[in-house]
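Peer 1: Based on the hints, put chain B in the right spot on chain A.
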Amino acid sequence: MKKHINFSSIINFGIFLVLALVTTSVSAQKFFTREGNIEFKSEAPMEKIEAKNNKVSSAIDTKSGKVEFAVLIKSFHFEKALMQEHFNENYMESDKFPKSTFAGSITNLKDINFAKDGTYKANVSGKLTIHGVTKDVATVGTIKVKGGAINVTNAFKVKLADYGIEIPSVVKDKIAKDVDIIVNSDYKAM
Amino acid sequence: MKKVMLTALVLIVVMAGAGYWYWNKPHEDVANAEPELSINAQEIVTAFVTNEQEANTKYVGKLIEVRGKIFQIDETEDGSTNILLETSEPMNTVLCQLDPLQKQSKEGIAVGQTINVKGICSGFTADVVLDRCHIIK
Chain A
1189 MKKHINFSSI INFGIFLVLA LVTTSVSAQK FFTREGNIEF KSEAPMEKIE AKNNKVSSAI
1249 DTKSGKVEFA VLIKSFHFEK ALMQEHFNEN YMESDKFPKS TFAGSITNLK DINFAKDGTY
1309 KANVSGKLTI HGVTKDVATV GTIKVKGGAI NVTNAFKVKL ADYGIEIPSV VKDKIAKDVD
1369 IIVNSDYKAM
Chain B
14 MKKVMLTALV LIVVMAGAGY WYWNKPHEDV ANAEPELSIN AQEIVTAFVT NEQEANTKYV
74 GKLIEVRGKI FQIDETEDGS TNILLETSEP MNTVLCQLDP LQKQSKEGIA VGQTINVKGI
134 CSGFTADVVL DRCHIIK
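These protein sequences, in sequence, are chains A and B.
In terms of our numbering, the first sequence opens at residue 1189 and continues consecutively.
In terms of our numbering, the second sequence opens at residue 14 and continues consecutively.
Same shape as in the complex, but just chain A:
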């Protein structure tokens, strides 16, 4: 009789283990995209400077809150070829620094339910590397959960001088010192 009870409790424990594993694997999801969008805009008196990149790679780990972005500078497309050339050669030096990255984490993970459709505010902080210079940044983004996929939007300003991006003195008054970065990316569960 005693043996029998032990046996069933082992089975129960086994069921519990399996359930626990299944639940963890469902909630410990990773979201990923290789086709995210980042746009930048700079309102200058002379001309509006804007460019788009639709091949941003990014991953979000919903368990640890880790967030990663990798953005290739040469994948920013400008309408004017000359502007694209100047952006790459004179400002970003993309031959030397082809990639910008962000590595950080969501600090209010408990406020976001990745398993439930809805719109959530995400506080994100981490290290942003542009033009070979790494800075600590913090921003608030929006995460939309819908049908098992997520969309992330965020807008923030980057001060060119912070990242050692020099504006030639001839055009100093014509180019804004801050640029707006707009992120809009759809992720799929991995």
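Everything labelled a hint here was simulated from the structure, so no lab data went into it.
Just so you know, not all the hints are guaranteed correct.
Unchecked claim - Computed cross-link-like contacts, DSSO-like style, restricted to lysine-lysine with a CA-CA straight-line distance of at most 27 Å: (1) B:K71 - A:K1376; (2) B:K38 - A:K1376; (3) B:K82 - A:K1268; (4) B:K15 - A:K1362; (5) A:K1236 - A:K1365; (6) B:K16 - A:K1240; (7) A:K1268 - B:K38; (8) A:K1284 - B:K75; (9) A:K1360 - A:K1309; (10) B:K75 - A:K1360; (11) A:K1240 - B:K15; (12) A:K1240 - B:K75.
Claimed, not checked - Residues on chain A that point at chain B, a partial pick, calculated with CB under 8 Å: (13) L1270; (14) D1283; (15) K1298; (16) D1299.
On a predicted model such as this, the values are computed, not experimentally measured, just so you know.
No residue lacks a Cβ here, since even glycine has one placed at the ideal position from N, Cα and C.
Peer 2: Just chain B, lined up with the frame of chain A:
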């Protein structure tokens, strides 16, 4: 004096014209350009995974021809077509975005097919990214 004025005027017009052309100069003609290098998808991904810095110097900014098997074709919401070429690691592909400036026919492209693509290498995220791609027939 009249001659000098006329020459000056012609010069100004020419310079203004050149300036205007320069400001509005067209994007590079990739469709008709010869690739500088030819490599297969696995090789270029391995080069970036092994030593990204070295691969950056070797490939970034260059028009490269890559040969590989189509692993996935993505039609994105903004109207772009991205062809992913397979390697031994599903997370590391060669992402070839078809040229949005010089359009081409996408007829006959299918997953599983082996193709040659040329495009300008922008670098490595988790994928090697080629911009302004053209399929070589």
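Peer 1: Given the hint that B:K38 pairs with A:K1376, test it: the Cα-Cα distance must not exceed 27 Å.
Peer 2: Not OK: B:K38 and A:K1376 at ~39 Å, beyond 27 Å, violated.
Peer 1: Does the closest beta carbon of chain B sit nearer than 8 Å to the beta carbon of A:K1298?
Peer 2: violated, 29 Å
Peer 1: Check whether the Cα positions of A:K1236 and A:K1365 lie no farther apart than 27 Å.
Peer 2: Roughly 13 Å between the alpha carbons, so the hint for A:K1236 and A:K1365 holds.
Peer 1: Can you confirm whether the C-alpha distance between B:K16 and A:K1240 stays at or below 27 Å?
Peer 2: Violated: B:K16 and A:K1240 sit about 50 Å apart, past 27 Å.
Peer 1: Assess, step by step, whether the Cα of A:K1240 is no farther than 27 Å from the Cα of B:K15, and give holds or violated.
Peer 2: violated, 51 Å
Peer 1: Report holds or violated for the interface hint on A:D1299, using the least CB-CB distance to chain B and a cut-off of 8 Å.
Peer 2: Given a least distance of 28 Å, the restraint on A:D1299 is violated.
Peer 1: Given the hint that A:K1284 pairs with B:K75, does the C-alpha gap stay at or below 27 Å?
Peer 2: Roughly 14 Å separates the two Cα atoms, so the pair holds.
Peer 1: Are A:K1360 and A:K1309 close enough, with their CA atoms no more than 27 Å apart?
Peer 2: Given that 27 Å is the threshold and the Cα spacing comes to 36 Å, the pair is violated.
Peer 1: Given the hinted pair A:K1240 and B:K75, is their alpha-carbon gap at most 27 Å?
Peer 2: Answer holds: A:K1240 to B:K75 is near 20 Å, not above 27 Å.
Peer 1: Would you mind confirming whether the straight-line C-alpha gap from B:K71 to A:K1376 stays at or under 27 Å?
Peer 2: violated, 32 Å
Peer 1: Are B:K15 and A:K1362 close enough, with their CA atoms no more than 27 Å apart?
Peer 2: Given pair B:K15, A:K1362 is violated - Cα atoms ~38 Å apart, limit 27 Å.
Peer 1: For the hint on A:D1283, just tell me whether its beta-carbon gets within less than 8 Å of chain B.
Peer 2: At about 6 Å, which falls below the 8 Å cut-off, the nearest Cβ of chain B leaves the hint on A:D1283 intact, so it holds.
In summary, the numbered hints that this structure violates are 1, 2, 3, 4, 6, 9, 10, 11, 15, 16.
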